[in-house]
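Trainee: Sequences listed follow chains L and D, in order. Heads up, the first sequence is in numbering that gives the first Met the number 0, so the first residue is 0 and it goes up one at a time. Heads up, the second sequence is in numbering that gives the first Met the number 0, so the first residue is 0 and it goes up one at a time.
Quick caveat, the hints were computed from the structure, so don't treat them as lab data. The structure presented is a predicted model; accordingly, all values stated were derived computationally and were not measured. There could be a bad hint or two in this list.
Identical copies carry no separate label here, and so any pair may be met within one copy or between two of them.
[Unchecked claim] Below, simulated EDC-like cross-link-like pairs (lysine to aspartate or glutamate); rule was C-alpha separation at most 20 Å, straight line:
id, residue 1, residue 2
1, Lys347, Asp104
2, Lys1, Asp321
3, Lys347, Asp211
4, Lys347, Glu315
5, Lys1, Asp123
6, Lys347, Asp33
7, Lys1, Asp33
2 protein chains.
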Amino acid sequence: MKVGIVGGGQLARMLIEAASALGLRSAVLAASPDDAAAIVAAEVIIGAPTDPVAMGRLIASCDVVTFDHELVDLELLAELERAGSIIRPSSSSLRFAVDKAAMRDRLAAAQLPIPAYFVIQPGDPIELGALGAEWGWPLVIKAATGGYDGRGVFIAASADAAQMIVRQLHDDGVVALIEEYVDIDIELAALVARGPDGSEVSWQTVETAQIDGVCREVLVPGSLSAELGAEAAELARAVADEVGIVGLLAVEIFATSRGLVINELAMRPHNSGHWTQDGSVTSQFENHLRAVLGLPLGETGLTSAAIASVNVFGSEAAPQVDLGLPAALAVPGAHVHLYGKQARPGRKLGHVTVCDGDPLQVRAAAWQAAVALGTPVPEEMEGAL
Amino acid sequence: MKVGIVGGGQLARMLIEAASALGLRSAVLAASPDDAAAIVAAEVIIGAPTDPVAMGRLIASCDVVTFDHELVDLELLAELERAGSIIRPSSSSLRFAVDKAAMRDRLAAAQLPIPAYFVIQPGDPIELGALGAEWGWPLVIKAATGGYDGRGVFIAASADAAQMIVRQLHDDGVVALIEEYVDIDIELAALVARGPDGSEVSWQTVETAQIDGVCREVLVPGSLSAELGAEAAELARAVADEVGIVGLLAVEIFATSRGLVINELAMRPHNSGHWTQDGSVTSQFENHLRAVLGLPLGETGLTSAAIASVNVFGSEAAPQVDLGLPAALAVPGAHVHLYGKQARPGRKLGHVTVCDGDPLQVRAAAWQAAVALGTPVPEEMEGAL
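The task is simple: from the sequences and hints, build the whole structure.
Mentor: Rendered as structure tokens:
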């Protein structure tokens, strides 16, 4: 069996590692031969996911095609599906990860908990004063398509600022999604894998720390209660069924004073689930592969009571991430995962996971190793560590 | 950092998986593009480890060279080392894995426990009646070089049979190693990783079941006592120091009524340590890489109380191992590792590891998944399962 992966980033790289362990072949469609996955893949096609020729080559050589990112052309995917290609998740599911406005409409129709929202198409009148008055300021403005890792999300404190941002999005041909600003107690992520037969497994819900929309650390179980975790996992399963996903679904959720609120969806392995490589019986990468291949899903229990996973970022101080490897690997229990990327300030280069009994100790150890690899400690977290 | 691996088998494949996770590059010197590692490697050189040109190409592209097997040319390796290549383990260590006669002499000189043995060079007189009379029949006759997975090991019940076997070895230009036949209570394997600075870590000693010299299952902790396990681990550390290995050393040990007796050495990741991928904080593959790169060695504690790892073999009944994947993955907790090899009766195609609290349950589950993948249950084990 052979799996084709659209996109050559670290998610593709870690999917390739999991595929190799299962005895599967894989091929990657990457933008560049230097991409994280392209440098370790046995078979690489260089091209864009929007290029029918490149996609055709990938599909022709593989039994199933899946994804490392959501920057895809849904029309092209739908056309390929009509021609008989097996694409998982399907274009009809992926729509709700590609298009945040469509996602909000779908979840609203299913009466799932989401923030108040309003969609403004390019050409439509932009009147934000009334929304701000109703929901309170600031407003959150999102590019409905094309954003990732915090890009494409804006906080506007006034009607003027909001208007400017929406106009800019419209000038770029992008639909604007306006949302109420939600006061967050805890940020959660719930992960579900769903097979073509509707079978599902979910992992323990985790607490994430995002700064500027970028995930910095993931704590299992973190500060959330077992009840809240179970409620979030149920919510994620409901979303998975609603969008009919085949593969992995990550649901970013806000815990607020008025209950859980769904923030974003990702239909692929997700940064909030990297801990499953070392802290769960079956990793998100293996279960994504199992799901898209229609194989039975694996157990998702924890292998230890407390798990922390901290992202490794490049910094001015550490131009080469390798140089920190000796110090990082000297941290007892540190599972270091690097993506083979050239270091650049602010670039996500890897993650470190530590699994053990004591939440404070695993978090401290994971940060120690991540810092050894050059990760700057965000100002916002300095006090907490 | 980039690691070159001599040999393209499953050990190389699993080293590549571990290298990718650490952000390392790797290249493989494989006999064929269809080899288990060659089909997943980003960089493959096709050639023999005895070919100076192929070895030169591998060395030129990598920071360190290590091994998937011991069928190497020690003279060539020594020459490359003199020219400044970093080869780990070194040719001077590898000698004791390549040449069983040299290994016996070295361990005897260090007063480590080994069976009574006698070396017969080609051209020397072959007189086995006296040895048989002294040690008792049968005698064990081994090809001092070139054997693996039970090949090159013969049990001779009479002087005539023994003589025939030794003559055949000599006709093939191979030194004969004659050993007393040891009555075995339990077969053990002890695994050590040793860095260039002499730092060492060892894993829990395991019980192995070998049939016809081929490993069928590995049980952690198996039926051995904690004392015996610790003694075996100490023995393995002593051997590691004695041979000055950098990398992974597997020591196959017999527990007998007169104490522990060292059987074979392997200077690479070993079948008896595949369980460490799922059952230990750091796998043998990752620690082998850490050792040969001079990086700190990782923790080797168990992730659960009982672990069973069962090898997957091809059979007439299962011409395609993939077809059994759904049933194997449906076994709760089964970690299925396949090597991407074409199935053939008797060929080692993968392994299944199960980790949990109950030794009987993990063994049964691992066998269930291995059988689902086509593994025949050896007659010798039918009663035990």
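Trainee: Does each hint hold? Answer for all of them.
Mentor: The hints, checked one at a time:
no. : hint            : result
1   : Lys347 - Asp104 : neither (32 Å within a copy, 52 Å between copies)
2   : Lys1 - Asp321   : between (32 Å within a copy, 11 Å between copies)
3   : Lys347 - Asp211 : within (13 Å within a copy, 50 Å between copies)
4   : Lys347 - Glu315 : within (13 Å within a copy, 48 Å between copies)
5   : Lys1 - Asp123   : neither (46 Å within a copy, 55 Å between copies)
6   : Lys347 - Asp33  : within (15 Å within a copy, 35 Å between copies)
7   : Lys1 - Asp33    : between (22 Å within a copy, 15 Å between copies)
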